[in-house]
Amino acid sequence: MMTKSILLAGTIPGNDTSLLTGTATFENNRLFIGKAEVPMNRGTAAMIAAVCKTVQHLNGQMPYCVLGNDIGTKIGSRNVYRYLVKNRKNLPYDIFGLHYIIPDIGLHNQVMTAIRKIDPKPVLVADAGFMYVAKAAGMAANYDLFLPDLGELAFLADEKAAHPAYTRGFLTKLETDPQDLIQKAVMFNNTARNLCVKGKTDYICRGTEILETVSSPAVEELEPIGGTGDTITGMAVGLIGCGYNITEACTVACRANREAGKITGPSPASQISDIISNIPDALKVQLN
Amino acid sequence: MIYETVNDVIQAEARLKKAGFENITVIAPPPEYRSGCDLSIEFDLIEQVSILRTLETNDLAPIDILNISTDQHRPTQICALKDFGDYIMVRAANMKITCDKKTGQIVNISGGGCSDVPYLAREMIGQKITETRSPRDIGYTLCAYTLSIAFEKAKESL
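Listed in order, the protein sequences are those of chains A and B. Okay, so the first sequence: first residue is 1 according to our numbering, each after it adds one. Okay, so the second sequence: first residue is 1 according to our numbering, each after it adds one.
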């Protein structure tokens, strides 16, 4: 199997403003970037952990990571944006997984300009803050894959909302009519070429066409657990890195995430690290 | 009133409400002022002098004041509750908070995409919802603002 190189960028909740760069490693269920241990909290760290578990399972390449320490003050986010712009010539990665960050339209657009100069063009996957800012900047169509949950899908479908906090009037449609929201998001050019909508039923789409749905195994308790969307994103990125196409990768990731939940047997008080440790067994079930 | 950060808006709003200005509303700033994660404050022109005096006294003066006539978006205030037996989950827009019904302990925070969400989760999980500070007091972004709406609803519901 042809494996691809992966770059992951985002922020983690550190109090200093330093930038952490390096290849991720995973030892004894602990995540390291270079020599620094990164707690497997929700968010970017959970996404990276899921990528690592997936590529380890499939003998792929471990990801290179660019992480800004940011508790919301924006300094760490700015460091990440600027690193990607400044180092574009040294980032010959096949896949970019872009995650938690404070939206900044101006800096995002500088990143997009820099990434466009990379040849061959990498596969661009965005979730969380990077997805928000791509949509707010009107540049969603430059991306290959977005992975919103239902609330974020409503945001993508609202042509006027600049952030999910401003989403208008769609919340009642979340469970009953996600297809309508998908169509609106595509119609207004506010989504990537592929969409993986995470919810009670997961929808894997290209344009407005729903190619796959995943609804089992059903593990209701996963919904409140912070990071369960991040692990889907991480597994999808890892699977793309191991040669799966985007639709296959998203379908397997959604199924395996549910499977990892089923193996864990969580309560609403469980934490994401419990689920992450069961990703290899879940992938084994889903890929066999 | 335009501010540099969401956190500045949150502080200014809290200060004005405390000072008795009830007719203020937080809204999206006009497009030319947007960076992707922003709030601003709408107020009645008639109160401008007293509002500015209050803010300047507290070192919370805005960076700009605009006279606008178009309707700007307001952050959603709608919450959805989901019962998990011993736990209750409250969702506001893209943010969710889950609490133990008996103890009032916050057991999970999920959703969001801004950088302070993992920080807020680290600070708040394990705390009693009645004893911990609101996300709007310790967070910085619109995700923190939205989480505070779910936080208040969860507090009411327990």
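Simulated from the structure, these hints should not be mistaken for lab results. Keep in mind the model is a prediction, meaning the values are calculated, not measured. Glycine residues also receive a C-beta, built at the ideal position from the N, C-alpha and C atoms. Errors might be hidden in some of the hints.
[Unchecked claim] Some chain A residues close to chain B (C-beta under 10 Å, calculated; not the full set):
id, residue
1, 37
2, 39
3, 99
4, 100
5, 104
6, 135
7, 149
8, 166
9, 216
10, 217
11, 224
12, 226
13, 264
14, 265
Which hints from the list above does the structure break, by number from lowest to highest? 1, 9, 10, 13 and 14
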